[in-house]
Each structure stands twice: as structure tokens, then as C-alpha cells.
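Novice: Read off the chains here:
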Amino acid sequence: MKQNKKSSGGLGQYFKQMKTANKVDYATYLGVILAFVIVSVCQSQGMLNRSMTGMLVPICCYVCMAVSLNLTVGILGELSLGHAGFMSVGAFTGIIASMSLQSSIPNPVVRLVISLVLGALLAAVVGVIVGVPVLRLRGDYLAIVTLAFGEIIKELINCLLVGYDKNGLHIALNIDGTKTVQSLGLREDGFAIIKGAQGAAGNERIASFTAGFVLVMITLIVVLNLVRSRAGRAIMGLRDNRIAAESVGINITKYKLMAFVISAALAGAAGALFGLNYSSITAAQFDFNTSILVLVYVVLGGLGNIWGSVVAATVLYVLPEALREFSDYRMLVYAIVLILVMLATNNPVLRGYFGRLTEKFHRQPQAAAQKGGVGHE
Amino acid sequence: MKKSRILSLALAGALSFSMLAGCGGGEGGTANTPSGNSSTPAGSEETTPVSGGSASGTFKLGVIGPLTGGAAIYGTNVLNAAQIAVDEINELGGAVQFELISADDVHDPETSVNAYNNLMDQGMQILVGTVTSGPALSVVPLAYEDRVFTVTPSASGDDVIEGNDNVFQVCFTDSNQGSRSAQYIDEHFEDVKIAIIYKNDDPYSQGIRDNFAAEAETRGMEIVYEGTFNESTQTDFNNQLTSAQSAGADMIFLPIYYTPASVILTQANAMGYEPTFFGVDGMDGILTVPGFDTTLAEGVYLLTPFSADAEDEATQNFVSEYKSRHNDEIPNQFAADAYDAVYIVYEAIQAAGVTADMSNEEICDALIAAMGDLSVVGLTSAGSEMTWDDNGAVSKDPTAVVIEGGTYVTP
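Residue numbers (the numbering used here), protein chains in the order written: chain A, 1 to 377; chain B, 1001 to 1411.
Treat the hints as calculated values from the structure; they're not laboratory data.
Glycine is no exception: its CB is placed at the ideal position from the N, C-alpha and C atoms.
Hints may be right or wrong, so weigh each one.
Unchecked claim - Only some residues are given here: those of chain A computed to face chain B with a beta carbon under 10 Å:
{"#": "1", "residue": "T53"}
{"#": "2", "residue": "M55"}
{"#": "3", "residue": "R136"}
{"#": "4", "residue": "D140"}
{"#": "5", "residue": "N174"}
{"#": "6", "residue": "K195"}
{"#": "7", "residue": "G196"}
{"#": "8", "residue": "G202"}
{"#": "9", "residue": "S280"}
{"#": "10", "residue": "E321"}
{"#": "11", "residue": "R324"}
{"#": "12", "residue": "G352"}
To be verified - Here's a subset of chain B near chain A, in silico, CB distances under 7 Å, partners left out:
{"#": "13", "residue": "P1203"}
{"#": "14", "residue": "T1233"}
{"#": "15", "residue": "D1236"}
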């Protein structure tokens, strides 16, 4: 009561009554917006060097990847090792869309949005196709199948030949290794978009940091709202105890699929943005290692911890570049840093230390709250 | 509840700190560059790019290549050789001096873009790179936009130079390598049955294979088997080798890098299969694979413009200098390409008469104009003169060598 009187403002009161989880969510949004504003200001003042500027879009992509994978791994509790597969689907869909719409929609922003949406849609469709049979599996088996899925996507795109001319898209699958771009039968004015293993080269780079920021915000809004919703509670329920969840009538397949497909769609959008940020993309870039890389972001950021994923993806993407001074020992130092972070975050002594710190910080207001706060919760 | 407030504070703090840290780096970066950039307006008053003016100044050359990882031999060879060339040029004491800066790209397009941006922050004026084709496809369009004059020692992809007027190759394009290999085999081996084993997720390998197959078809050569592999299956080739053997192939064409090639040679030997192996420039380096029995490489042919045992003086000097600097390691073709690349840049600068205080765009345009008439004799041109077409593709004589007694010998 005392406390409520002290801060009699309506907003303050609203903030006090808000749940902890909501506060963290808003803080996450705020942090991302703040980071965007600061970076944008730095950029406009010319304070950002080229290395940093060049990394902004990939950072946004990896943040989306990490957050969306966190939905599968942290919230749904299923280990997926094929997240790069969805990214790949999104990237190549985005590139095909962007390249083939080049003449009909000259505005790059509109084209970028269309490409992202299409990338997300196709990745979602693939997510459903993969998810329906795969989500019947549990634990290690699911991990193995998703791993295989990522590799299948890679191999398929390695065989994929796509070209575009006035008649529309020409698509061929080079399964036996005998077809080349010539077998697409493109007209004079046509051009090849995806050349099998050689990937897509000569793409127009239309991705921008602003688009990346918007995508990160959309990803956060979708994931955080899902998690705090009824569906989200059901998803977490079946993560924590599947049998109990089933016994209270939660439709396991439905909720599992929901989380998995949303995760895939967001990864597809991130992939599309990623693909449109580079002038050449090959399927081999989205291999098992990329999936693991994103998984590392998620694990080090904390399973189920969305803002942790955001921070981890940002820091761990910048780190190898920041370590360039170590030249040949760069990746060695990177690995050591990863191990140290892992040890530090799990170290009971350090945890206790931080715990005491926060306690100290809290003691006074908490005492006040205990005195006056009766009907608080 | 209270805890969350701290949490949100910490989060916002951490995020803005990480971003600010980036800004801090930025300030450092821009603080460094003015030495190169801000002098531009002052210097460029008198220097409208006039062809034939006197070239002078210290130019910053950037090398981007795989200095670590699976293709590291290429990157380190290029860097070492470029350093030798730069030192030689600086020792001449002429008006044109070079400063070499380098960045590792781990043979990854994404990292390569970061490496390029890093070098641009350091004030790179001319790019000697990238070493490999995949990364080049991502970096070259950026260099085109920034108007950075680019000579790539060894990125042989056709798309690397296509449509980019600022990019020139020292090596043959993939299409040339494929068709030249077919031509060489057709002319030097009679009635061979050829098997091809290539890596179908690698643009380089796929590109050469496509052109080889096309040329072989027009020449009526017999390809009895084609096997593929990819990044994740490049440790076991027993399937492909057995199929090639049962198809009766007596020559295996390997348009692949040396690491999987060493595995193929080892496994073919283990199963007692002894065809003639024919590689292209990616095979260069096979003799330096750690743990590989180099006697297995005896009799392997490869299409390469450079062999370290060539008699001419330039090659001998280069090889002995390289060996003395790097523990008796024998430089490969990539090293020779890079050495030539630096000298090509040097010659072009002399011909164009550019000065180091010009902007990148002025340097680039002047050098592009100069490249049209430039002809350079280098380590990799087998005595002929290298010239470049408008596209940036080099024209020089191809040569093949065979490995005998642990070195390359001209057959």
C-alpha cells in the first residue's frame, strides 16, 4: 500500500502490477529498439566502421534464427538440428522471388517484403511436411531426423536449376548430374537464378538493417506473444510433462506442430533476408555447421530465454570478427571464450555471487514491500 | 518483480553496451583511415588521372584468402608469395611502394565479406584476392560498387569476372581449365576411357566438370563414368572408385581440391586400382598434405601454369626465396599466381601513373584503362606474355605437369 502511494502515477502503477514475465518481454523489445536507435544514430554520424555496418544484417538474421530455434528447442523442448534447412529454403525462395520480380516490381522495399513473406510461407509449408511425421518422434530420434532433413534440403538445392524469362520460371532437378543451365531452355532474355551447386550468384542485394530490425521485432512479438498465450502454456506444458498435458486434454500434435511451423516460418524469413544480403549464396553454406552454430547461440543464451538468444547471437556473431587481431589463433580463442562463457554461467560460485549482488540491490525496497504489501499479488 | 527490474536494466545495458562497443570500434576505425582518406582532397587537386604521369606513393594492397581451415594452403601460399613480391618491389626503392594487409576468410563467402569490410576499414586501395572462387562471388560485387581495383590470383570462377570491369584474373577461368584439360588429354592420350569424380556442391568443381564434359563431347572423347561427392562425404571414395574400375576407366579426371584428391589416391592404391589421375589447379598442393604418402602421387598429371623446378631465373629466384623464408616449403601455383598478381598491379600502376593519394575510384578507373594494353611476363605464363580481355580473363599458354620423384616435371 505504502509503495503504491509513493508512485501514484497511473503508468507506474500499471508497471508494478505487471507480471515479471511481461516486464522481461517489454525490456527485450525496449533493448532491441534502443540498440537499433543507437546503431542507426552511430551509422548516420559515420561512427560505425565498415566491418560493423556489414555485420548488421547478418546479425539480425542470426538473432531471428536463434529466437525461432529457441521456440523449438527451449519452449517446445525438442532438439532440432536442421534449422539451417529452413533458412536455406527461405533464402533460395527469397532470391527466386526477388530476381523474378525484378522487372515487374522495381521498388526494392516492396520486393524485399514479398520475398520475406514468400520465404516464410514456403519454409512453413516445408515445416508442416517435415513436422507431421517427425514430431511423432521424441528426443534423440527427432534430432537425427531433423539433421537428415537439413542435409536433404542441401542436396536438393544442389540439384536445383532455376531460370527466369518472359514465359515465367523454369525449374529443373539435376538428379543424375547431366543437366546444366542450358537444359532449362531459357529464351534469349532469360537468366539463370539458381545454378545447382554453384548456387545463386549475381543477386541484387536489397536487404537493409531497417528491414532486419523490423524482422527481429516481428519475430520477438510473434514468439513472445505465443509463449505468453494459452497455446504457449500448452506448449510448455507438454514440454514439462507430456503425460500430464495429455491427461488434461491438450492436443499434443497440434501444439507441437504449431511451435515447429512457426519456428520454421520465422527461420525462412530470416533466411530470405540473409540471402538477399549477399550477391552469391550456395546451398553448402546452410549445412549442419550452420544449424549447430545457431544452436550454440540458443544454448549459450539460455534455453527458453528469448532475450538471452538475442544477446548471445549478437555477441557470438561479432566475436570472431572482433578477434581478428589474433589472426591464426582466432577460432581457438573463440572456442575458449565459448567454453568460458559456458562455465561461467553454470558456475555455482559465480551464480551465488551474482545472486547476492541482486539481493543486496533489492533488500531495501523488498523490506518496504514486506511491511506494507499485503494484497499485492 | 524487483528482480525483473534489474534484469531489464541489465539487458538494456548489455545490448546498448555491445552496440556502443561496436561504435567505439567505429570511431577507432575512422580515426585510422583519415591518414589514407582525408589526404585525398588535398592531394587530388593536381591529380586528375592522367595516363602516363609519374606513379608514386605507398599503396595499400589487401589480400583476402583462407589462412586457416580446409583450404589454408592456398591462402597462406598466396599471402607469403605476395609478401615476397611486395618486399622485392619496396627494395627497389622506386616511387611506388606497397603495404600489404591481409584478412582470413576461412574459404567461406559470409566471412569473406566481413574480411573485405575489415580491410576497407584499414584503408585498402587495391585488392589482391580473393584466393578462392566461392568467397570471390560475394566479395567482388562489393569491390565493384566501391570501385576497388581487384586482381585475383586464383579465383577461377567464370562469374567472378563476369560483368565486373574492375576484376582481373591471373589464373584461367574454370571454363578454360575444363576445356584445356580435355584438349590436353585428347592430344596426349589415345583412346582413354575417362572417369570423372567431382564435388557437386562446389561451384569450382562443378564448373570445370561441366566445361570438361562439354569439350569432351565435341571432341568425341569417351567418358565412361561420373561420380559425385560433397563436403560431408569426402572421406570415403570406395564406391566411386569401384564403379570407375568396373566401368573400365583407365584415366580419372579429378577437378577437385587436393584434400579429397589425397583420399582418392590413397584409397585407389589400397584397392589396387592404378589409373592415370589428371587434376587441375586445385590438385596443386597434393604434395604438402600432412600425413599423405606422396609416393602415391607419382604419375599424377595436373594442369598448372607453374612448376617449381622450372629452369628460368625468375622462377628459381622466387622458389629459393620462398624456401628460405618458409622452412624449405616449395611454393605452389597459387603462390606464383599471387607473386604475379602483385607485379601485375605494380606494372599497371606504373603504366597508369596513379598516385597513392588518389581516391579508390580514380585509381581503379585509371588501372582498368591501363590493363587493356598491359602485357606482363610472369612466373605463371610459361614465358609467354599475359594479356587481358575486356572481361578481365587472362590469356596465356596452358601447361600440364606430371609428378615424378616428388616434384613437378614437364612431361
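Novice: Sort out which numbered hints this structure fails and list those numbers smallest first.
Specialist: 3, 4, 12, 14 and 15
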